[in-house]
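Throw the hints in and build the complete structure from the sequences for me.
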Amino acid sequence: MKISNNIVRIFLKMAISLPKTLIFNLVVFPFNIAIKLPVLISVNVNIQGIYKGCLEIDSKKISTAMIKIGFGGSNAINSEKGILFLNKCGNSKLIFKGKAKFSEGIKIFNNSGITIFGENFSTNKNCFIASDKKIIFGKNVLLGWNISIRDSDGHTVIENGVEKENKKEVIIGNNVWVCSNVNILKGTIIGNNCIISYGSLVVGLRAFDNLLIGGYPAKILKENIDWKK
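The sequence shown begins at 10 in our numbering and counts up one residue at a time.
Don't read these hints as lab results, they were simulated from the structure. Heads up, some of the hints might be wrong.
To be verified - List of simulated lysine to aspartate or glutamate pairs, EDC-like, C-alpha gap at most 20 Å: (1) Lys70 <-> Glu128; (2) Lys143 <-> Glu128; (3) Lys228 <-> Asp218; (4) Lys102 <-> Glu178.
Claimed, not checked - Quick list of the computed label-pair ranges, beta carbon to beta carbon: (5) Lys45 <-> Ala24: 13 to 21 Å; (6) Ile229 <-> Cys98: 38 to 46 Å; (7) Asp67 <-> Asn175: 27 to 35 Å; (8) Asn100 <-> Pro39: 15 to 23 Å.
Just so we're clear, the structure is a prediction, and the values are computed from it rather than from any experiment. All C-beta atoms, glycine included, are put in the ideal place defined by N, C-alpha and C.
Following this line, the structure appears as structure tokens:
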């Protein structure tokens, strides 16, 4: 049986990532969970600010490499440097409800927020997720490449001398497909079984279930929509 060069490359990358994976798990989890090595993290991911309890697995079953960070993705897309930053002073946390896969180039910045990933969460390359308040993903969420999701403006905007609210939760429902090159900003709520079309900018949209959403800025394009992998 012929083994593709891509499979060989991924296998070798996993092998050389084992020391980093071991240290990561021992730092963030209690020992009885850490020895299971539930998180497999690539040697190419830059880790900053992790601490005991910054990552939690809220699942009845915890298995080896159930969470993969910095592996795979579309071969046609060049990957950027991966970064995982959690701020201890901000009490930031990542919570996983089950298996999750983050492709190469993943950037997660939790300065003072909580990010919750539902069962079977998955990304393509070069996704950016930044939380200063709370971001929630439901089950079976799929992100394409070059996605940016954030729940904060990053800076405070002052209008007529009054500071505007610069942090609002982002909620993505179950079975949502976010196509590539999409930006999702603070205050956005997306229902179940939705598709966000390629290149969209979603600004504080509140959308119910089974919708096709798209545009710049995004709006509801079609109803009674569903999708499958």
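Results for each hint:
no.	hint	verdict
1	Lys70 <-> Glu128	holds, 12 Å
2	Lys143 <-> Glu128	holds, 17 Å
3	Lys228 <-> Asp218	holds, 14 Å
4	Lys102 <-> Glu178	holds, 15 Å
5	Lys45 <-> Ala24: 13 to 21 Å	holds, 19 Å
6	Ile229 <-> Cys98: 38 to 46 Å	holds, 40 Å
7	Asp67 <-> Asn175: 27 to 35 Å	holds, 28 Å
8	Asn100 <-> Pro39: 15 to 23 Å	holds, 18 Å
In this structure, every one of the numbered hints holds.
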